[in-house]
Amino acid sequence: MKTDTFFFLGSMFLAALLILASKPKRSTSAYIDKAIGTINEKFHEDLSSCYDATVQFHEAAISFQRGDVSEPELEREYSQLRETFKKIEFFVEYLDKEAFDKTLNGAPLPKLEKKVADLRVLQPRGMQVIDEFMASGFSTSDREDLVAQAYKLENDVKKIEQFLGVRRVTDRQFFEASRQALIRLATLGITGFDTPGTQHGISDATVVLQIQQEYMQLYKSELRTINSLQLLKEYTLISNQGIAQTQEGNFENFDRLSFIKNVVTPLYKGIKDIHLALDYETIEEVSRYPLAVNYDADHLFEKDFLNKFYYVSIANDTSFNKIASLGKLLFYDPVLSRNNTISCSSCHAPEKAFTDGLTTSKSNTGSPLKRNSMTLNYSVYASAYFHDLRTKRLEDQFEHVVLNKDEFDSSYPEIVEKLNTSPTYSKKFVEAFPAYDKPIKPNNIDYALAAYVMQFTTFDSPVDAYFQGTDASLSEEVKNGFNLFTGKANCATCHFLPTFSGLVPPLYKETEAEVLGVPENNYEPWILDDDIGRLGNGVTQEVATFYNNAFKTPTVRNIEKTGPYMHNGVYNTLEEVMEFYNLGGGAGLGFGMDHQTLAPDPLNLTDTEIEEIIAFMNSLNDKKEFMPPTDLPRDFPEKKLNERELIK
Amino acid sequence: MKRTLLTLLLCVAMGVAMTAQNDFPSRVVEIDWEATEVVIPPSPFQYQILFIGGEDMVQTGINEEVPAKQWHDFIGFTPITAEDCVDDPNAIGWVSINHERIQADDKIGDGGGMTAFLMGRQPSNDLLYVVPQTLSDGRKGDFFNVDFKNVGETGMNCGGINSIVDGRIWTAEEWFRTDNASIYADGNGVRDTTAYTIKYTEFEMANFQTIPKYQNFNWMVEIDPKEAKAVRKQYNWGRQPFEGGTVAADNKTVYLGADATPGFLSKFVADTEGDFTVGTTYVYKHDAAGEPWVEIDNADFSKMLNFKDEAVAAGATMFNRLEWVTINKNTGKVYMTETGRDNPGDRWADEAAAGAVYAPHHIQRASDQGVSGPDDENYWDYYGRILEFDPATGDVTIFVEAGPFFPVSPSVNDYPAKHLSNPDGLNMLYVNVAGEDKTYMLINEDLNGTSFGRTPIEYPDDRMCEMYILDMEVANPTIDDLIRLTQTPRGAEITGACATADGKSVLVNSQHPDSSNPFPYNNSLTFAITGFDDSGALETLSAPDFQGAPADSFIIYPNPTERIVYFNKITDVALYDITGKRVAVYRDVKSIDIVGLAQGTYLLKTKEGDAKKLLVK
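Line by line, the protein sequences give chains A and B.
Note that the working numbering numbers the first sequence so that position 198 is 198, with each residue one more than the last.
Note that the working numbering numbers the second sequence so that position 13 is 13, with each residue one more than the last.
Don't read these hints as lab results, they were simulated from the structure.
Nothing here was measured: the structure is a model prediction, and the numbers come from that model.
A hint or two may mislead.
Under 8 Å between C-beta atoms, here's a sample of chain B residues computed to sit facing chain A [as the list claims (entries may be wrong)]:
#1 102
#2 341
#3 583
All C-beta atoms in this analysis are idealised placements derived from N, C-alpha and C, irrespective of residue type, glycine included.
Next up, chain B with everything else stripped away, as it sits in the complex (with noise of 0.2 Å):
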């Protein structure tokens, strides 16, 4: 009997679909309970909230304590050491944020910001916990904002450097200024605007220097987040707009990045090991004769304050904007993201004219987009990529490409499933799964724009920056290795991810989100994903293969961990819940982000009329 009702049904069904001009109406008949049924079983990972911008009180004296300043962007990591003197044992290690902002603040401090604070985990469930610490100057608490009063205030404190040998962190004071009015802003940013002397560091060459106020910003400042307290500003590596850098295993070379049109790689090599006060300062020449650095004098604190006039003087290597860089310890490459601009050509044309020169990247790209050179007001730079530089070689080569870009955009089927725009952050995460260590690469996109695709055609509106992790072993890596992590609500920006010592978590911010976005999510806040040793977790960290699927046949891999559902071909798609109604279309996708749906079973259709069934746990 239940046979005869579904082939009456299946009868109807097909007499309304005769009518219906949408291969989806908005209400079936009957759900087809003898689809095979396919279990999406919930996420491996585990999501914590740590720290709340503008919500949790930060320490910034003794029993005094005010609520943190917001828009989050780098993490740094330092591991916890035999040497330090932790009362709990499950502590991991102290966490360090930039505020990446200009604003005044009685308590903070004018300017831009850090926080610090002691992180442990809980050995039965791992998850993560604040440590609350007394610091030798007294303070008590949680969260300790930095203090920066002894190296002049700091400001837009943006990307910085974990260093890969012992966890030492700076803070990079990024976007450019050029007079004390921007840093000023009216008063509600930088209110000591009077001229600054510098006093009582390292460097002999700016001691009883007095500058503008606004030229003690764009430098990188090292912090101790022990004791939340900054420990100097790097007047010798040279004032840029520092978004990143990195340590090298030696422990005496640095690589730096700066984010600008042009932007310039730079290094500094100590002359002792963990000593970054005294060596030399270079600024990189792929076309150089011999050794690809050039070297501008850190005695010369003339030259140190107009680091970009003397890297155009020495020819220097010009980027579109360079932001984080890191390095793989195995290999000692170093990686770092070119974000990208629209059409830089104005940017950087100057500048070449007066010495510097392109990237080959660069040079090669504006060819192929037929236009005259890089400063071509119709070269275009929209997506950006994540660059390699190996110093075996010397060369910086495309590690991956962003976009893609096509001169021509391809058919619908030949679009590709994944786009990665104006990739920002940048880390690695080691991890020991099952007795294998692995490498990965952590990457954040931080979108500049939204046209020409950099978000998704079919969402009007949307930006979304997506947060992609790439397995180290695969070789030439595209975007199609890229796996998809996690992406923050609409509007906000992912950054800072940085991973724990031990490998299991991931610790991201997510930064000024602009649009409605439920508390805490319309926060900066940082939240941590726990889970990366776990075998089963990353098993599912691999693209499905659908190689030798019949074209006719309707495949599907769910992905728990991406909360995606991936197809073996593009296809239009419509979700019914079990009431039979229509509750969501997809059309011409590879794949479906289930993110949003609540549990429950629902029917996946195919305009081919191929259904499934899906048990959303």
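Okay, chain A solo, but in the shape it has when bound (with noise of 0.2 Å):
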């Protein structure tokens, strides 16, 4: 070794002991330095104080049951209960999502128990329900149930805290609880799905901006160490002047549309940028498997916001298109029906936005069948099937149609064998499914039409373009009907953001049901349809009384092109599903509804309003076409089988 060399590393050596010494030392207590350390100190405080509230809360509910607490006085209380679950809620929704749901903050319906052998309806708790205890006209009874409820909630708060307030969460959990809050907000929290009693939707938001922005100022230091601290001055710039709004505005005048664009969007983006600034470890790095929403997203109207990938079993890789090619071939083609006469586009018209302007749609004789076909446009993004939720995933699906008498009245093996004999087909699987020997098998064909299908995902409607800052021209008209929509005729509450289907946010991965008690034909008297619905669905873990008349909630994207509405088709305008809804659906049409989850009362809209929320949903029209191919596979042996016809 020269004596350079030596010098040099010896050099070397003496500057990296300095540097090892002027660095603190690394230890577990580097946790409690960092910002990742206080943060998990100020969310065991906030807990232990929301169990505190929600103990005060039960006493002044004891109290007000004995007539000691006037109702002002309840509701400063309630007030003040909200307030300081609001400042947990982000953080216990995405730690423990399922008890969150079960105890503290799911919607105010029945459900049922899951994985058990037999059938119990768990009763709702939490605040949503204390929420609408809080707007009733505290009877008696309404009183005694209070009391009751708040009891619950103190066990089931103590209960998260026991859980919860010794474990220790990381930064990335911490970015992503941050980010989920801001979907809760936007989807959940301003649109009163939160607050189905009172209309605290918008001080709610209030709270949980203030807190979010009080944690993130704990990476001062981290963001100041990288010569980031523009990324935290500019979140808060944002998040002060959505403070502001919602301080500013009340439930029925917030304007949402500009809060959502100018508020949500960019702090949703910021968090992200603050996250990846400071390298902390993605989502992607913890998790082989995906989730339903894609962290890398900007914004909830993004184009890959959701992870359609998540809904299916098709593997996101290089054969994906190969695959929905030949789906768009089988789409069109009658070969899979016994006859070979019907085709999946008999009934799902590409520029109907896939469906086929009939009442209810035909039978493979011409006779009518039991429901209106429904838009296969933003399909994938459910995790059920059909108006009665019979099936869970799209390409679960199709085999219904195959095997249905009234419909492909067919079976697989019968379809595998026809498409055999076609070379073009027997070519197009071999590429499509290169990994396997018989690539025409009947998990193929089911995916290659749902890869087809989750093409009509295009996030392209003029709504869609304004939250992307493509194209900035909304009329006014369509700005109050969003506002309306998302606000005042409770919408949004059922067609969430930003599918606008019944698939429930945060965490995208059910989609709802609902009893609206639609009737049988669109004039008096007045009979509610006679169709069971969920309850007939043939899944036997789902017979519950609940699940009677209760319909898949569709998407209300392309609207304009879909038409009827409702399960059976009966009504063909949107001024008549208005006038519906305006009433309290069935409930408002005189049907003793004792389970209509649709809130029974009129909405009060005025013709006004509702000509605003009808053109905001004419402009949830995707701009681009579905086209058909220009023709079929025509090399069967069998002649008769080449004479076919293209079904458009």
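Two chains, two frames, some hints: make the complex.
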């Protein structure tokens, strides 16, 4: 070794030692030194404050029942409870979603206990139930029930505190939870979903933004170290704008459109920017399985906000396009039906957003079927298919059409046998599914059709363009319509943003069904439609009376093209649909609907408001059009088959 | 020169570490090639898919086949004997698989069902294969639909019984039905709901009784896997939401578990060995004077129909969902999973008031939780457990408590590395490894939910069900003694772990996955894990012992069987690939799961700065 190298090495060693000495000692205490240490401490403190608030509210409810506390005093206590709850909500929902939904803040509707061998109805509990009581008339039994609910909440928050109070969350989890909280704020908070009784939605938003800002400030010194303090400043500026907007607004007049575009959207991106700048790991490095919400997305209306591969069994790899183009042929090909006369496109025509324009679809003999054809656009984003929710995945629904005597009236072995005789189809299956010896098999037929349908998710309507910032021109009428849809008219509490379907935020894992009380005919005397819906879907674990007359909540995207409306196609126009909702659904028509999930009260929408809502919905038409293939494979040895019609 | 460069790089790296806020920057400057290399060999087990629901065709008649039903659950194995006339010398026995659902099907038959097939083993490589058969009714093929027409159809075939004596098979019709509408399911389920008249059975008390169709479900049904036909419904064992059962070595005693809250443990004792049509039926009552069994008169058909009412009236012991039952043939002790249920309080309060009694461990748990009793709405039983019944003492005790449940959650450092939630499937594995007879218990999870730590808090939205194996030589086992064997794709349930008689393979079902898993894992399927007789494989089935390792050291122990790397301490680690890119970060962990890692070299770094090179094969 040369001497100069030796000296060089020596000096480097010394330098390294000096650097080491100047560094804070690395140990587990590093957690405490950093933002995440304080974040954990703060969360644990906020958890116990929330528990204290539940104890206090429980006491207040008891005093109120006795008459020792006045209504305004109880309301003050309730506001306090909400405030402390909203401070912990983002972490609790993120860390234990199931407990959160079951006990703290689930929808105030009965549910079935899952994974048990008998039918047990779980009665709702938590903040949303209490919120309904706070808006009730406070009858004697209301007061009694409020005490019982407050006691449950106290116990439930205690359990959460015991479980999460000593856990240590990581930076990654904090950022993910914070972004998820913004989704909740935009989709469930300001829309009134979280507050079915009172109208606290907007004041809740103030608390959510404030607490998030408090937490985010804890990253100041870490951001300063990497010269990225600007990110926090930008975040804080927008957050303050949002806080000001929520403080000025109330539930009636709040401009949700501008709030989502100018506050929620930049904040959602801003938190990701801070996360990535600090170089903390992201979910992709921790879990092998992708979630429904794509963490990379910048905002709610981005094309890839939801990961469509989450909802299907098809892999997101290089063969996807080939599978989808094979699916495109199959979709329009009547060879899938026994008599080679009908195809998927018979009831799902591309120019009608893949519906058929009929009241109810036609059978293979031309007689009317039971239900209306649903749009396939955005249909991949769902956990249940058919109006009665009988299957769970897009690729699983096809077999119901194949086997149905009134529809394709066929079988997979029959279809496989036919397809195998066409050299073109054989070649295309081999190209699409190179890993298989015999690629023409039932699963692959299902996959191909599903892959084609997965492409109908363009997110390119005028409303999308507005939020994406590519086209800022929405008329005042449409803007008002959006604010009514997400506000007074209560539409967005079932047709959730951004799919405007029953896919529930903020996780977007589960599709909801609703009991509306749709009539059989659009004329008097009003008769409830006799379709039992979900109750009759053949899923043995779902035989609960509250599923009677329940139907899947479809998307309202492209609604201008998808009439007639409702599961039975009873309404021809959107005006008729709006009138039905404005009256309070079936309850408004006088049906004794004891389990209607739509609020039975009239919405009191004016004619102008209804026009505005319709104008908004008509701005949800996709720009891109889908075209059928120019022709079908015609190289079957059976001559008659080659004469079949391409059904457009 | 190389060293100079390294030193330089070290200094630069430290400079970077000064400014980066993360212990693990997303790119390191240079991989530390000097770090100790740890080789992770490929798994010693062979994995094979045997049978895929919805894909493989089952024979329903002569030259008539349809895709198999899905929702695989129980698996039974019936070893071949010298009396069976099978041409293939490598055939080892018949496999029977339950389909846990109710579905209309013109060919298979409405309701649930079973599939049976004959299996062989290649002597050269131990791989399993399906042996084609021709049955005496003329059906030919690989997979056979078990015909239930002669017993009035079947449904919700969940668990079952696989006799340790001779491999006889019973299927359990679990999901308890209380009306015809629930089996009819608007025409999608059992379409013929006319009243059913029981005829020509061995049970005189049942013959010519006409019952509503739904009451012909929820019995234990014996089947013949060799002929793929149902034999009889055991009208003498009572109508219960059966999930599992086991036959004792005497070939007379059958223990039965019912999946309900309350669920009862019942017993049938045959008068004659192997004839289960004549004998006495009992329900377990731990506090009975003398023997802890109360007879329920099985000559009275109405008592068999209303078994639960009789059990309550007898003051029987109540459990919170008994699922699978198995027996250790070396000791005669019976084991059963008590799956648990979040808040069972209102489910058994009425029965308690009517005279049934709580199992003592539930009274103890309720008291530990500070609630008034097992009927308290705040009593929780989130995780379940495995129970042991000792015929010698008549006591049911806790064998392995799942969870763990904590009245107050412990700190991160005290949190156990393993967590068992809602055990469901249960079976024994007897295998000879290098001349030594070993007995293992196989335990399958079926999560009731994800809350309160039933899935790792690290991964939101993950629902992984795991299969564990436990060495029966371990005295007083706890969850830390469980070794994880496999996990199914997200959302799926693993059921039916069943060992072949030679102990080389375990057959496992993966049931109703509800999420994005590529084919064939998106279907219900039966797969085999082979290699349990390999001493190399079993050696790895013991948790590493790091005792005596210095606290400031970083020692790792790769377990190729579990595809897990264990550490000697809890720490934060990151994995870097060969280009220096961060690919994974794990925090507060004692081990990491490397099952998803592609073959290759990785650098494992801890937050304390220790590093190890992993060579994944």
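Legend entry - Violations among the numbered hints, reported as their numbers in ascending order: none
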